[in-house]
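Visitor: Single-letter residue listing:
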Amino acid sequence: MTSNGKYALEARNLNIFYGNFRAVRNVSMQIESNKITALIGPSGCGKSTLLRSFNRMNDLVLGSHAEGEILYRGQNLYGNNVDPVEVRRRIGMVFQKPNPFPKSIFDNIAYGPRILGQRNKKILAEIVEKSLRQAALWDDVKDNLKKSGLALSGGQQQRLCIARTLAVEPEIILMDEPCSALDPIATLRIEELMRELKENYTIIIVTHNMQQAARVSDYTAFMLMGQERAGELIEFNQTDRIFTQPADSRTEDYITGRFG
Amino acid sequence: MSVSENTTASTTQYLPNEEQLQKNIARRNRQAKFWEYVFLASIILAIVSLLMLFFSIIRQTFSYVVVYNQVNPDTLADKPLEELSSDELTAVIITFYQSDANDLRTLVFNEVLGLSSSDQQAIRDRERAKETVTVKEIAGDKNKEYPAESAEKSIIRLTVPEYAQFIQLNFDDDALYDFVVEYVVQPLIVGSWPLDEYLLDRDSIDADIIQIEDQLREINDDPSIEVSEPKLRSWLQWHLIVDTIDLSRPEDAGLRTAILGSLMMISITILVALPLGVGAAIYLEEYAQGGWMERLIQTNIDNLAGVPSIIYGILGLALFVRILDDITQGRTILSAALTMALLILPVIIINAQEAIRSVPDSLRQASYGIGSTKWQTVWNHVLPNAMPGILTGTILAISRAFGETAVLVVVGSITRITVDPSGPLSRYTVLPLQIYALITQPQAQFRNVAAAGILLLLAILLSLNAAAVILRNRFSKRAV
Ligand SMILES: Nc1ncnc2c1ncn2[C@@H]1O[C@H](COP(=O)(O)OP(=O)(O)OP(=O)(O)O)[C@@H](O)[C@H]1O
Ligand SMILES: [Mg+2]
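One line per chain: the protein sequences are A and B, in this order. In terms of this note's numbering, the numbers along the first sequence are unbroken and rise by one, the last being 260. In terms of this note's numbering, the numbers along the second sequence are unbroken and rise by one, the last being 740.
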């Protein structure tokens, strides 16, 4: 089905601009299916920008545009006849700060399927249960689906957001520092969840936590601000290679905490 | 303490020394206290002026009045009126209206049969065409009793006793007594004093009363005339809501036409301004890409909110009353409502924009992130969460429109109208203008009616706003 083989996404010479400012320069990388890919790098190097371009969320920023290609199933996401609404359903996103809708837990998850046209109550209930189970939240909330999503703890809210993303059956899930607002235990639970989810989904995660990248990811991309403050991809490889024998000295410096 | 001394001792002195610091803190605290008192004082000032405003309305709404009976009830019968039987009261009516069958007929038409002026005109027209409009027909039509012996007679040609009998048949004892008081004794309020004046300055009022009595005696050439003792009267009465305006008798003046006019105008204004305003706000906040056109529009809207209302009046006159005359029919409620909608549109837009802007971006991202379209994001997430703020702005706008007068003077409201507005294309008056008309009447008692009218205006405004607040709270609850 995917013409570029085992790759879920492939960026080719991707440049992303905010107005005249180039935030990401010339990134080319291939994201393997059913793997977790981590994006690491110092603050402001364009990790979030790159991540958001993978499902065209960056279009929402006034004055931003992208040059180059992102291939998904052999099609350029930035091509002319591509509908960003459809892209975002297939490539879902989980944000840094948990952002449930101010609605009940049930409605939070059923919202996506509903706007896609699923009106059947029974099927919606099944989707809600399945998504919550996948997100390891079902046991916490099964007796209380009418409760507001905002009444959950931070970690539960983030899992609710993940369940909400799963409910529209995406192929790829983008996560931008999903654990930065959570305590260590909630963080470990999300990491565990990510390992389970990669059976069925491709995950790309931005993180500032080196241990987290080392613990969960299969591949790691290291980015750094280059000339004119534009973010560049310095090194992209299997995670254990990046962390044990980085090819670039800047990667080593960053990982060992010598700068950044 | 010792720690800080150690550290300050070892480093350069960047901050003032301890003594100066203490002084500085004391000064800053004094400053804070000073402003606290200033703010407290301004709140107290606001409350006091509000109370004074309220008091000045209340003292006029409830006033002490003296009444002069145009016909002395003692001369009508040998017993006090209250003790007369139904037959005796009827006799009083007959004696009083002996030579005025026409007046009594009008009273029967208005008070007993409740015929509208067009009904009465129809009867007169038929009679002029030599037709006999029988008592049986008209009274039967209105489900009223009538004397059997006059059933086949013309309703406009009965004698005084026959009309009186007609009244007696349809009124119970209390109603008949009220009728006699109102149309035979004809009490007239000849003096009215605000509540506080009566309570605090009785002497000057007594002097006023003597003067009033002297004047009445002189005018009527009757030295026996006396006015009643001062009585407390509430001018806020039911008839204020159900009667139409009567600029000859303050006791009978009602504001029905104006209330209906105001409500009708405000409803159309909201129907036009709310969707337009919210739509414009959504466009400017969610769709606009920040081009020069949009910035121009935004600047214009911001400035329009501060334009004096009279200018909107002139615009409304030119645009809706004159140019769009074919649609609005000139000086109608529709013209007024459309002008008013223009007037409050900037207020609604600005408040709605503010409300939409305050919806956190994370919510929009959440919605887009699972593949919602722009419209779904706006309609399902942004609008419901912005609704409380939008309604707050609407409340402000409605209050402004409801109390507005200058605009309506220009676009042609009429104050002496007694016909209820029947639809958007009828002529009209509104409460604030009617109140203004009352205040400018020479008779002092109209000021009491005006005060009661102001209370009514406030009450209607408060209920409109309460409705909006309830709606808003429902939305806020849903949003959480
Ligand atoms: N909405 C925006 N408009 C303009 N410039 C932006 C916008 N968002 C990000 N930038 C700029 O793009 C560059 C990359 O930002 P980005 O948020 O992608 O960095 P990041 O690597 O995610 O940083 P952090 O680790 O702090 O989240 C920065 O220089 C930033 O100032
Ligand atoms: Mg970031």
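Keep in mind that the hints are not guaranteed to be accurate.
[What the hints assert, rightly or not] Here are the simulated lysine to any residue pairs, SDA-like style, with alpha carbons at most 25 Å apart:
| no. | chain 1 | residue 1 | chain 2 | residue 2 |
| --- | --- | --- | --- | --- |
| 1 | B | Lys-634 | B | Asp-512 |
| 2 | B | Lys-634 | A | Asn-144 |
| 3 | A | Lys-121 | B | Tyr-543 |
| 4 | A | Lys-147 | B | Tyr-543 |
| 5 | B | Lys-634 | A | Ser-249 |
| 6 | A | Lys-146 | B | Tyr-543 |
[Claimed, not checked] Partial list, derived from the structure: chain A residues whose beta carbon lies under 10 Å from chain B:
| no. | residue |
| --- | --- |
| 7 | Leu-62 |
| 8 | His-65 |
| 9 | Arg-90 |
Honestly, the hints are just simulated from the structure, not real lab data. Beta carbons: idealized from backbone N, C-alpha and C, even for Gly.
Visitor: Indicate, hint by hint, whether the structure satisfies it.
Guide: A quick look at each hint next to the structure:
For the hint pairing Lys-634 (chain B) with Asp-512 (chain B), the CA-to-CA distance comes to about 58 Å; that exceeds 25 Å, so the pair is violated. Distance check on the hinted pair: Lys-634 (chain B) and Asn-144 (chain A) sit about 31 Å apart at the alpha-carbon level, beyond 25 Å; violated. In summary, the hint linking Lys-121 (chain A) to Tyr-543 (chain B) is not supported, as the alpha carbons are separated by about 34 Å, beyond the 25 Å threshold. Restraint check for Lys-147 (chain A) and Tyr-543 (chain B): the C-alpha separation of about 33 Å exceeds 25 Å, so the hint is violated.
For a cut-off of 25 Å, the pair hint linking Lys-634 (chain B) to Ser-249 (chain A) is broken: about 45 Å separates their Cα positions. A hinted pair counts as satisfied when its Cα atoms are at most 25 Å apart, and Lys-146 (chain A) with Tyr-543 (chain B) does not qualify at roughly 33 Å. Given hint, Leu-62 (chain A) at the interface with chain B, holds; its Cβ is 6 Å from that chain's nearest Cβ, closer than 10 Å. With 10 Å as the threshold, the beta carbon of His-65 (chain A) stays out of range of chain B, its nearest partner Cβ sitting at about 13 Å, so the hint is violated.
For Arg-90 (chain A), the interface hint holds, the least distance from its beta-carbon to any beta-carbon of chain B being 8 Å, beneath 10 Å.
In terms of the numbered hints stated before, the structure departs from hints 1, 2, 3, 4, 5, 6 and 8, listed from lowest to highest.
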